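**Q** The chain contents come next:
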Amino acid sequence: MPKKTYRAAINEAMAGEMRRDSSVIVMGEDVSGGTGSPGEDDAWGGPLGVTKGLHTEFGPTRVLDTPISEGGFMGAAAGAAITGLRPIVDLMFVDFLGVCLDGIFNQAAKFRYMFGGKAETPLVVRTMYGAGLRAASQHSQTLYSIFTHVPGVKVVVPSNPYDAKGLMIQAIRDNDPVVFFEHKAMYDDEGEVPDEAYTIPFGEANVLSEGEDVTIVAIGKMVHLASAAADNLAKDGISCTVIDPRTLSPLDEETILEEVEATGRLVVVDESHPRCSVAADISSIVGEKAFKSLKAGVQKVTAPHCPVPFASELEDLYMPTVEDVEAAVRRTMA
Amino acid sequence: MPKKTYRAAINEAMAGEMRRDSSVIVMGEDVSGGTGSPGEDDAWGGPLGVTKGLHTEFGPTRVLDTPISEGGFMGAAAGAAITGLRPIVDLMFVDFLGVCLDGIFNQAAKFRYMFGGKAETPLVVRTMYGAGLRAASQHSQTLYSIFTHVPGVKVVVPSNPYDAKGLMIQAIRDNDPVVFFEHKAMYDDEGEVPDEAYTIPFGEANVLSEGEDVTIVAIGKMVHLASAAADNLAKDGISCTVIDPRTLSPLDEETILEEVEATGRLVVVDESHPRCSVAADISSIVGEKAFKSLKAGVQKVTAPHCPVPFASELEDLYMPTVEDVEAAVRRTMA
Amino acid sequence: MQLNRTELLHAYRTMAACRHFEESVYVNFSDGKIPGFVHLSAGQEATAAGVYMALEERDWIATTHRAHGQCIARGMDLQETMDEIYGAATGVCGGKGGSMHIADLDKGMLGANGIIGATGPLAVGAGLSARAKGEGGIAVAFFGDGGSNAGMIFEAYNMANIWNLPVVFICEDNGYAEATSSSYSVAGTQVARAKGFGMPGVEVDGFDFFAVLDAAKEVVERARRGDGPSLMHIKTARFYGHFVGDAQTYRAEGEVEKLRAEKDCLKLFREKVVGAALLSDEELDTIFEEERQRIENTTLASQAAPRATKADLMTDVYSSY
Amino acid sequence: MQLNRTELLHAYRTMAACRHFEESVYVNFSDGKIPGFVHLSAGQEATAAGVYMALEERDWIATTHRAHGQCIARGMDLQETMDEIYGAATGVCGGKGGSMHIADLDKGMLGANGIIGATGPLAVGAGLSARAKGEGGIAVAFFGDGGSNAGMIFEAYNMANIWNLPVVFICEDNGYAEATSSSYSVAGTQVARAKGFGMPGVEVDGFDFFAVLDAAKEVVERARRGDGPSLMHIKTARFYGHFVGDAQTYRAEGEVEKLRAEKDCLKLFREKVVGAALLSDEELDTIFEEERQRIENTTLASQAAPRATKADLMTDVYSSY
Ligand SMILES: Cc1ncc(C[n+]2csc(CCOP(=O)(O)OP(=O)(O)O)c2C)c(N)n1
Ligand SMILES: Cc1ncc(C[n+]2csc(CCOP(=O)(O)OP(=O)(O)O)c2C)c(N)n1
Ligand SMILES: [Mg+2]
Ligand SMILES: [Mg+2]
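In order, the protein sequences belong to chains A, B, C and D.
Using the numbering used here, read the first sequence as starting at 8 and increasing by one per residue.
Using the numbering used here, read the second sequence as starting at 8 and increasing by one per residue.
Using the numbering used here, read the third sequence as starting at 13 and increasing by one per residue.
Using the numbering used here, read the fourth sequence as starting at 13 and increasing by one per residue.
Derived by calculation from the structure, the hints in this document are not laboratory data.
All values reported here derive from a predicted model rather than from experimental measurement.
Treat the hints with care, as some may be off.
Stated by the list, open to error - Residues from chain C that face chain D, not an exhaustive set, calculated with beta carbons under 10 angstroms:
#1 S160
#2 Y196
#3 K207
What the hints assert, rightly or not - Residues of chain B placed beyond 10 angstroms of chain C at every Cβ, according to the derived structure:
#4 R26
#5 G43
#6 E64
#7 G66
#8 K125
#9 Y205
#10 I207
#11 S234
#12 P257
#13 A334
#14 R337
#15 R338
#16 A341
For every residue, glycine included, the Cβ atom is placed at its ideal position computed from N, Cα and C.
Okay, chain A solo, but in the shape it has when bound (with noise of 0.2 angstroms):
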């Protein structure tokens, strides 16, 4: 299989997708790049270059570079989809959902259910999260918990470039409106991926590793992070299920539960703050409904209750590493 890289992976689906499916319009901050400028269109692809390409070949009416007008942009989006388009916008970072967030999740998440059923909103919101690339408090955060704590959004947080491809291709396909979250350093990350087209279903978790003794969920970045740590402590003699959810919402609880009563023991591993956020809220569904196969309490791993700092040492501390994992697998084991 050729090797691509994440941000290859997504662009390959969206680009498939778009040619597949003329409804299908990517909308957002320079997602073409150059608009109304001297030189070059498609100068940028999105600052990260995941678009680059789209407007060359589908042209200015599908890709559609917006003014910096996030909340009126995202309100756009959602109305296209109700009205036959299959918008997928590019909220550059997740950190500027809180100029946005109604037409997520006031908007689109919620027509379905207020309309009796009548509505169908195929809408895709793109966005970068995450630290580590020293862009400071505001544009560094891991926000999916709040999205997974909304009714009628979808979350999907690709921790590699094949898993990007076929969720992104779901996501274009599917008729709710999906939070997809790309880790900002992650898109040179290379893997396998097929030239076709191919889905992942939503709430399908991918089980990396099976093993006896502790079983870790990790999401999106952290995915890496859980599977260093395992074989790490594979050479002392422990070993980890690692599992990646690949979907918050809906979430593959079968998954998860079956194989934390394997093992009896779980870690979660998040880059979100700890309160209200997905690792807790993995842990409350474990310890709910799979109570008496747990050995010891279930650990988190997740980044501090701070925001994200932007010196190089204290960004380095913010950010959970593969000793905590191992640390915290040890506590479970204590």
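Position chains B, C and D with the ligands against the provided structure of chain A, taking the given hints into account.
**A** Positioned in the frame of chain A, the structure of chains B, C and D with the ligands alone reads:
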């Protein structure tokens, strides 16, 4: 002690602090009501009359009716707070956070950290939450979990008039941003409230009753369900500890953990949607830190994972009930 | 005033239906038979009748919390509309939406909206769909004088203009946002604000059905021709409070009585068409009475309509689970 | 041009410091010595020098992500400013904020801001504080051409006007928002938009320090007198990309070279003052070199400055715990 409503208690807290400290101002839509209109000023005092009288006493420079520009006036309040005023902002329904979250979570909540500890942001956001008034999907949500997720914000949910007054005074005097959640169906609730000023510190839970068998932690309006359930269960010989955390951030973990250690069982009652909720949060904290004491899995009683429906029958089904709490308690005893 | 008899009768019938509808809702809400919050559009019927007469089936509309009259003017099923306001299972949204979120996508009605300002962006989105479809449809966004201060409205102005979309913005200015006067809350003017975005704007007498219709035809035609968005600023007034239950002490003494006496769009319509001998008082009386009766029947049916059950609570959250 | 020698020298020194600062940041960012994202204001120095010369200590400023020059013009400690951009513990924000969130409340600097549009409301709030204090202070909100399309900016316009606040809005238009041209993204004009809210607006040549200063003095004085808010639309250009690393292929070939040759505000300043025999080339050269040296020293010190440690991570989240 004189009996007062939840509404009056909050009103009195604001009025008293405004008398004491001229830097306290109130702003929001129709907090006076009638500005520019040919009839009375102070005609509304907010749609449910909570700020009634403040405009008459303190005048239009301290009690400002705002345009319908939540993003704008929330940011303005943040700006006013770091430059010397102590604004109390009325965000009429917390459901409107989608247009103004930025001013709270990216500005007010982060100033202190981003600016290296050099900023104080004494901002109080008062907001209505909760279902039960047939106000449907966009005016009935319980969204304190979103704020609890965010570092830098303090989150207060008073369950009775006495607490409402003491917590509001504390909120106004606090130098951090506070979001103060008022349940819209509780304004006419009565209770004993001293005339003089008093504060209730943040992070100190209220233990309403001590029992032997099960601990119930309940938030806001749910505290009353918990107490009613405890009373009913007592008749069957099941004795419950009922805890009202009063503030969700900071959270009085110590008290909750101690009480759970005593009973070995926990039910959390929360009007939120279940995923990434405060219920999940408290459940996960206890599951991690008091695992050894737990005799059963922590049970959550929450609203379901659907928007708030309009029809009375459906909304009644949506709301957690006393029976739900009783059933959850019994599940922990099964 | 180039309307034929049928059109004139239709216009009056629409306004009469709207008026009776709101009066029925007023009475029954006050009697506790309708749950929640209701925002009545009585007094503003010329907006609904005039604007919607200028629209076609292929058009989309995003409207406000004060939308009962507009649902009627759009030709939504009257019974389903009233049922929704009662929260009956037979409501157009199965009782899940209610007055604040009533919608009928089959009729191009994207819903009343509980979030002020949200309609602007939604209409921009519908304008994108209309353009993509290429069937000449347009999109309309309603908002109030209060809503005109919401940032999303300006963002929508800008997007509609830079993309030259077939969108019409309608500020239905009834003078108040809740208890706050637009003379206080709105800096500048609606028309000047539109001009700030390079968009034509026109101020219209909202008590005059014909003025509304004429202006609406013009902006709708402009959008349909592909000449881009416009703003209509309709100056009108509401006969009731912000919601039913509002004591309205912020209004001048006698304000509503005076409006009812001098600025009732139904009466002004009647004066014009009877004065010009286009229709007779008798036929208008008949229509008014027919609509009263129709609304009364509808009301009774809504009160007896079946209610949602437990099985309905958790459906319709997602289209696929 | 009624400035005395000292003032003229100060203005040039400010612009020279800004220019050298940005060039140092450019080089050191490119070399990997500065973390994160930096947005350089080289080319836009006349805005910083001109506007800030019109301001006083008692004034407040909320500004954008492209704020290094403004920090210097505000008289923030140069070393603390540079240290912050390096993320050193000695930075004005202890290294926690960085280039995008650099602030100095003691100097009335409410911070650079990572959220486009947020500055408008913040300045309105500072305007409320200024009025409450009653000491004649005013508040200034900066935003870019891109930021001029953010809803919060219009909400701020409206509030500042209905409350007649001492606020000045400054749209610093460098022609691009990231890679998108303002000729595409901005419908209407900045001045017409301001007029839509009943607010005066003026367009200013941002390459001409004197034009900026004169216009700034006028709007600042107006605000200080209590006559309300105004808009200044400064037309300028940036000499670098949106952030360091931007390949800028969206720009015309030779665009930046031409700007540097013809529209360099330092050169234009020099031509004017030397032409009018107010200052000599030699003294300007000396200042330019002095500032180069000062920035170089500052840079070296920042690179050697102490760094934050684990103890700093969890402090400053709340003021009371
Ligand atoms: C974003 C938001 N803010 C506030 C409200 C509360 N609210 C509902 S209606 C209303 C007044 C609206 O005034 P206007 O736009 O003039 O419409 P009208 O009610 O006069 O028809 C307000 C403030 C809301 N629903 N949404
Ligand atoms: C709300 C928000 N949306 C998008 C961004 C990403 N962003 C950062 S700078 C920028 C362009 C700003 O353009 P302009 O306002 O013209 O300022 P300039 O960079 O040209 O100085 C964008 C889109 C942001 N920081 N905040
Ligand atoms: Mg109004
Ligand atoms: Mg710019």
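**Q** Evaluate each hint against the coordinates.
**A** Structure-based check of each hint:
1. Against a cut-off of 10 angstroms between C-beta atoms, the interface hint on S160 of chain C holds, since the closest Cβ of chain D lies about 9 angstroms away.
2. Because the closest C-beta pair between Y196 of chain C and chain D is about 6 angstroms apart, less than 10 angstroms, the hint holds.
3. Evaluation of the K207 of chain C hint against chain D yields a held restraint, the C-beta minimum of about 6 angstroms falling below 10 angstroms.
4. For R26 of chain B, the non-interface assignment is confirmed: its Cβ lies about 25 angstroms from the closest Cβ of chain C, beyond the 10 angstroms cut-off.
5. G43 of chain B, annotated as away from the interface, has a beta carbon of chain C within 10 angstroms; the closest lies near 3 angstroms.
6. The beta carbon of E64 of chain B is kept farther than 10 angstroms from every beta carbon of chain C, the shortest such distance being approximately 18 angstroms.
7. Here G66 of chain B stays apart from chain C, with its beta-carbon at least about 15 angstroms from theirs, past the 10 angstroms limit.
8. No beta-carbon of chain C is positioned within 10 angstroms of the beta-carbon of K125 of chain B; the least distance is around 29 angstroms.
9. Against the 10 angstroms criterion, Y205 of chain B stays outside the reach of chain C, whose nearest CB is about 33 angstroms from its own CB.
10. Under the 10 angstroms C-beta cut-off, the non-interface status given to I207 of chain B relative to chain C holds; the minimum distance is some 32 angstroms.
11. The beta carbon of S234 of chain B sits about 26 angstroms from the closest Cβ of chain C, which is more than 10 angstroms, so the claim that it is off the interface holds.
12. Listed as a non-interface residue, P257 of chain B keeps its Cβ farther than 10 angstroms from every Cβ of chain C; the least gap is roughly 31 angstroms.
13. The Cβ of A334 of chain B sits about 16 angstroms from the closest Cβ of chain C, beyond the 10 angstroms cut-off, so the non-interface label holds.
14. Here R337 of chain B stays apart from chain C, with its beta-carbon at least about 21 angstroms from theirs, past the 10 angstroms limit.
15. For R338 of chain B, the requirement that its beta carbon stay farther than 10 angstroms from each beta carbon of chain C is met, with the minimum near 20 angstroms.
16. Against chain C, the non-interface label of A341 of chain B holds: every CB pair exceeds 10 angstroms, the least being about 24 angstroms.
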